[in-house]
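There are 2 protein chains.
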Amino acid sequence: MSEPKPMFKKIALIGVGLIGSSIAHAARRKHLAEHIAGYVPRAETRARAEAACFADSLHADLAPTVANAGLVILATPIGAYAALAPQLAPHLMKGAILSDVGSVKTVVIRDVGPHVPEGVHFIPGHPVAGTEQSGPDAGFAELFDGRWCILTPPPGTDASAVERLAAFWRGCGSDVEIMEPKHHDLVLAITSHVPHLIAYNIVGTAADLETVTQSEVIKYSASGFRDFTRIAASDPTMWRDIFLNNREAVLEMLGRFNEDLAALQRAVRWGDGDALFNLFTRTRAIRRSIVQAGQDTAAPNFGRLPPGTGKT
Amino acid sequence: MSEPKPMFKKIALIGVGLIGSSIAHAARRKHLAEHIAGYVPRAETRARAEAACFADSLHADLAPTVANAGLVILATPIGAYAALAPQLAPHLMKGAILSDVGSVKTVVIRDVGPHVPEGVHFIPGHPVAGTEQSGPDAGFAELFDGRWCILTPPPGTDASAVERLAAFWRGCGSDVEIMEPKHHDLVLAITSHVPHLIAYNIVGTAADLETVTQSEVIKYSASGFRDFTRIAASDPTMWRDIFLNNREAVLEMLGRFNEDLAALQRAVRWGDGDALFNLFTRTRAIRRSIVQAGQDTAAPNFGRLPPGTGKT
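Heads up: the sequence lines are chains L and R, in that order. Going by my numbering, the first residue of the first sequence is number 1, and it counts up by one from there. Going by my numbering, the first residue of the second sequence is number 1, and it counts up by one from there.
Calculated from the structure, these hints are not laboratory results. Any given hint could turn out to be false.
Said to hold, decoys possible - Pairs of lysine to aspartate or glutamate residues, derived as EDC-like cross-links and limited to a Cα-Cα distance of at most 20 Å, are as follows:
1) K94/L <-> E118/L
2) K182/R <-> E210/L
3) K30/L <-> E210/L
4) K9/L <-> E210/L
5) K182/L <-> D145/R
6) K30/R <-> D145/R
To be verified - If you anchor each label on the Cβ, the simulated ranges turn out as follows:
7) R288/R <-> R269/L: 29 to 39 Å
8) G119/L <-> G294/R: 49 to 59 Å
9) A285/L <-> R288/R: 54 to 64 Å
10) E118/R <-> D208/L: 26 to 36 Å
11) W270/R <-> D208/L: 18 to 28 Å
Cβ coordinates follow ideal geometry from the N, Cα and C atoms, glycine included.
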C-alpha cells in the first residue's frame with residue numbers, strides 16, 4: 001500500500017503537554033500531517049519537547065507556529081485561552097480549522113469564539129482520554145485509540161471542515177461524536193470533573209487526619225484508597241482551570257452526589273443493610289457495561305502487575 | 001534446596017472466595033501446609049472450588065473442615081461470623097490458631113471472641129489486599145505479595161502463636177503489622193471503607209441522572225469515572241457487612257470528608273483558584289509516596305493496556 005497523502009500540510013499545536021504531544025505522536029503514526037509545529041514558550045519545556053522528538057518545529061512565538069497551518073489546536077490549560085486567542089488570531093491562515101482539546105466547551109466558545117477571523121473554521125473539540133501524567137514526555141501515540149473525541153461546532157459551521165477534523169481524530173484512533181457544548185459540559189461534569197473533585201477531596205482528607213498517620217494511609221492504600229490517588233495526581237493547573245470554568249455544571253452534579261451521599265450515610269447510621277446491598281449490586285452492572293464497551297480492561301485491579309514488576 | 005517442613009499439617013479455610021482461595025494458592029506455592037481444607041456449604045460453589053484445584057478437601061460441614069487443623073481462618077463476609085463461631089468452636093483442636101481476614105476487627109472480637117475455647121489461640125487478622133473480583137475462581141497466589149497483613153491479637157495472646165501466624169502470612173508474601181483493633185478499624189475506614197462508599201455513591205448518582213444518559217456515562221467513562229467503577233464492583237454482601245459493622249469509624253471519617261468537600265464546593269462556587277491549586281498540588285505528593293512505597297504501579301493509567309489488547 002502506498003503512503004496516503006497526509007490530511008494536512010501543517011498542523012500547529014499550541015501547547016505540547018500530555019495531550020498535545022500525544023496528538024503529535026498519533027499524527028506521525030498515521031502520517032496525518034507533513035509538518036507538525038509546536039508552540040512552547042518556556043525554554044526548559046522546549047528542550048524536553050525537543051528530546052521527545054514528536055514535532056518538526058518548536059517555537060517560542062505564536063506567529064511562526066500557526067503560519068500556514070491548516071489545523072491549529074489549542075492544547076494548553078483552558079485558563080490560557082483568553083490570552084492566547086487574540087494573539088494568534090491575526091496569524092491564522094484563511095480556511096484553517098481552529099480547534100482545542102479542553103474539558104469544558106462553553107468557555108472556549110466564550111473566550112476564543114469572538115477572536116476567530118472571518119474564513120477560519122472554529123470547531124471546539126475534546127478527546128476524552130488522558131493519564132495522570134503531564135508534560136511533553138508523557139505523550140504516546142496510542143492515547144486516543146478506542147476513546148471518544150467530542151466535537152462541538154457552533155451552529156452554521158462548514159460541514160466539510162467538521163468532517164475534515166473528524167477524519168483527523170479518527171486517524172488518531174478516536175471515535176467521533178458531535179455534541180451541543182452545554183450538554184458536553186454536563187456530561188463531563190459527572191464523568192470526569194466531579195470524580196476528580198471527590199478524588200482530590202478524599203486524598204486531602206486522608207492527608208489531614210491526626211488519628212491516622214500519613215504513613216499508615218500510604219501503607220494500607222491497596223485497600224481502595226490508591227485508586228483515587230491516581231486521578232488526584234493529575235495536572236493542578238489544568239484542573240484548577242476546569243473547575244473555575246465549569247462551575248455551574250460541577251455544582252449541579254456535586255449537589256446530586258451530596259444528596260445521594262447523605263442518604264447513604266443515613267443507611268450506614270441506621271444499619272439499613274438492604275439499601276446498601278441494593279446500591280452495591282446496581283453499581284456492579286455499570287462496571288460490566290464499561291468493560292463491555294471497551295472503555296476499561298476486564299483484568300482484576302486494572303491489570304496492575306504484582307508489586308516489584310513492570311515499574312516504568 | 002530440600003523442601004522445608006510445612007508450617008502446618010492442616011489449615012482450614014472457612015469460605016473460599018477471592019481471599020480464601022488466594023490463601024490456598026499462596027500456601028501451596030510455598031508449601032506452607034500439608035493439607036488445605038475448605039468449607040463450602042453451597043454445592044454450586046463447591047463445584048467451582050473443585051475446578052479451581054486449590055484445596056486438598058472441600059466440605060459442606062464445619063466439623064470435618066476444622067478437625068485437626070492447626071490454623072483455621074474465617075474468610076466469609078463478616079456478617080456470617082456470629083453464626084459460624086459457635087458452630088465451629090467445639091471442633092477446634094487444642095493449640096490451634098483461629099484467625100480471620102475481615103476488614104473490621106472490633107466486630108470479630110465481639111462476635112467470635114466469646115466462643116473461642118480454652119487452649120485455642122484467637123488472633124484476628126486482615127490481609128490488606130484484594131481485587132474487585134469475587135468467588136473461588138478469582139483467587140491467585142500473588143495477591144498478598146508486597147501487601148500488608150494486620151494482626152490484632154487480644155491482650156495476653158501467646159506470643160509464639162502470633163509469631164507462627166505472622167510467619168504464615170510472610171510465607172504468603174505479606175509484610176506483617178500488629179495493631180490495636182479499634183485503630184485498625186479507623187485506619188481502614190479512611191483507606192478503604194469511605195473510598196468504597198463514595199465510589200459506590202458516585203456510580204449510583206451517575207446511573208440516576210435524567211439529563212445525562214447511562215450510555216453517555218459509559219462512553220465517556222475514560223475521563224475519570226471508570227476508576228471509581230472498579231471498586232464499586234466489589235462483592236455487595238461483603239461490603240454491606242463492613243458498613244454495618246464499622247459504623248462509628250466510617251461515620252467519623254465520612255464526616256471529615258463531607259466537611260472538606262463543603263469547603264471545596266465553596267472554592268468552586270466562589271472561584272477560589274488558589275485554594276483549588278493548593279489542594280491539587282498537595283494530593284500529587286501522596287500519590288508519589290504510594291508509588292515509592294511499592295503500593296501501586298508508576299505506570300500511567302495503572303498500566304492499563306490499550307483497548308482491545310490484554311483482555312482476560
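Results of checking the hints against the structure:
1. This hinted pair checks out: K94/L and E118/L have alpha carbons roughly 8 Å apart, not beyond 20 Å.
2. Distance check on the hinted pair: K182/R and E210/L sit about 15 Å apart at the alpha-carbon level, within 20 Å; holds.
3. Restraint check for K30/L and E210/L: not satisfied, since their Cα atoms lie roughly 53 Å apart, outside the 20 Å limit.
4. Between K9/L and E210/L the alpha-carbon distance is near 59 Å, which puts this suggested pair outside the 20 Å criterion.
5. Restraint check for K182/L and D145/R: the C-alpha separation of about 47 Å exceeds 20 Å, so the hint is violated.
6. Between the alpha carbons of K30/R and D145/R the distance comes to roughly 12 Å, so the proposed pair stays at or under 20 Å and holds.
7. At roughly 36 Å, the beta-carbon separation of R288/R and R269/L lies within the given 29 to 39 Å, and the hint holds.
8. Restraint check, G119/L to G294/R: a C-beta distance of roughly 56 Å satisfies the suggested window 49 to 59 Å.
9. Distance hint check for A285/L and R288/R: the Cβ-Cβ separation is about 35 Å, which falls outside the suggested range of 54 to 64 Å.
10. Between E118/R and D208/L the beta carbons are some 45 Å apart, a value that contradicts the proposed interval 26 to 36 Å.
11. Between W270/R and D208/L the Cβ separation comes to about 21 Å, which falls inside the hinted range of 18 to 28 Å.
When held up to the earlier numbered hints, the structure conflicts with 3, 4, 5, 9, 10 and fits the remainder.
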